[in-house]
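All chains, please: the whole structure from these sequences, using the hints.
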Amino acid sequence: KKPNVWDIYPTYDIFKVNEYGNIIAQLTNNDVYDAEAVISPDGKKILYTSRENGDLDIYIMNIDGTNKKQLTHELGYDGGGFFSPDSKKIVFRAYRPKTDQELATYNYSLKSVSKTCIVVSVPYYA
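Residue numbering for the sequence shown follows full-length UniProt numbering, starting at 1 and increasing by one per position.
These are calculated hints, taken from the structure and not from any lab test.
These numbers were taken from a predicted model, which means no experiment stands behind them.
One or more of the hints may lead you astray.
Claimed, not checked - Subject to a maximum C-alpha distance of 30 Å in a straight line, what follows is the list of computed DSS-like cross-link-like pairs (lysine-lysine):
1. Lys88 - Lys44
2. Lys69 - Lys88
3. Lys45 - Lys16
4. Lys44 - Lys111
5. Lys16 - Lys88
6. Lys68 - Lys89
7. Lys69 - Lys45
8. Lys111 - Lys88
9. Lys45 - Lys88
10. Lys89 - Lys69
11. Lys44 - Lys69
12. Lys111 - Lys68
13. Lys111 - Lys69
14. Lys44 - Lys16
15. Lys89 - Lys45
16. Lys45 - Lys111
17. Lys44 - Lys68
18. Lys89 - Lys16
19. Lys89 - Lys111
20. Lys45 - Lys68
21. Lys88 - Lys68
22. Lys16 - Lys69
23. Lys44 - Lys89
24. Lys16 - Lys68
25. Lys111 - Lys16
Here it is as structure tokens:
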């Protein structure tokens with residue numbers, strides 16, 4: 001195992017459940033990691049991390065699981081996303097192995113499809 005690389009469970013999926021935890025619908029059904037899901041404040045979208053195309057990227061879909069779209073395309077981990085209060089932007093973490101093992105946080109505008117790096121941290125070793 002390489003240093004600073006964590007395990008990703010290969011077969012996580014995203015489900016819609018009611019307030020009692022009963023499954024209403026399965027929204028993803030892949031043999032890959034689909035996890036870290038959050039619902040937009042307006043209740044219309046789900047943001048999640050997936051390995052559907054072989055790398056960990058940020059995806060978005062409608063609340064019913066339709067219209068899945070990949071938002072990030074760079075090698076490395078993109079995940080831990082959250083929506084802005086108005087549901088128009090997201091923020092997420094990124095780890096790019098091509099850099100000096102930095103961890104960055106990005107602000108991504110869903111309307112203009114633009115990404116801005118807002119925080120970069122240097123490597124931290126315990």
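_List of violated hint numbers, smallest to largest_ = Result: no hint breaks.
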